[in-house]
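The whole structure should be built from the sequences, with the hints applied where relevant.
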Amino acid sequence: MHILVTNDDGVYAPGLIALAQTLRKIGKVSILAPDQNWSAS
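Quick note: the sequence shown uses the numbering used here, first residue 1, plus one each step.
For the record, the hints were derived by calculation from the structure and aren't laboratory data. Be aware that one or more of the hints could be misleading.
[Claimed, not checked] What follows is a list of derived Cβ distance ranges for each label pair:
id, residue 1, residue 2, range
1, Pro34, His2, 30 to 36 angstroms
2, Val11, Ala40, 26 to 32 angstroms
3, Pro34, Ile3, 25 to 31 angstroms
4, Ala18, Trp38, 18 to 24 angstroms
5, Met1, Ala40, 28 to 34 angstroms
Source: prediction; values computed, not measured. Yeah, the Cβ is synthetic: ideal placement off N, Cα and C, and Gly gets one too.
In structure tokens, the structure reads:
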């Protein structure tokens, strides 16, 4: 299984890293995120 994880908080967001590490147990994980935070809030 190939899982795509994406966000707008940047590649170093703690939640993104934790999610990707957890999902890696069930499949191949790719991350698509900006190099910096682009959240509207």
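So, going through the hints one by one against the coordinates:
no.: 1; hint: Pro34 to His2: 30 to 36 angstroms; in the structure: violated, 21 angstroms
no.: 2; hint: Val11 to Ala40: 26 to 32 angstroms; in the structure: violated, 18 angstroms
no.: 3; hint: Pro34 to Ile3: 25 to 31 angstroms; in the structure: violated, 19 angstroms
no.: 4; hint: Ala18 to Trp38: 18 to 24 angstroms; in the structure: holds, 20 angstroms
no.: 5; hint: Met1 to Ala40: 28 to 34 angstroms; in the structure: holds, 31 angstroms
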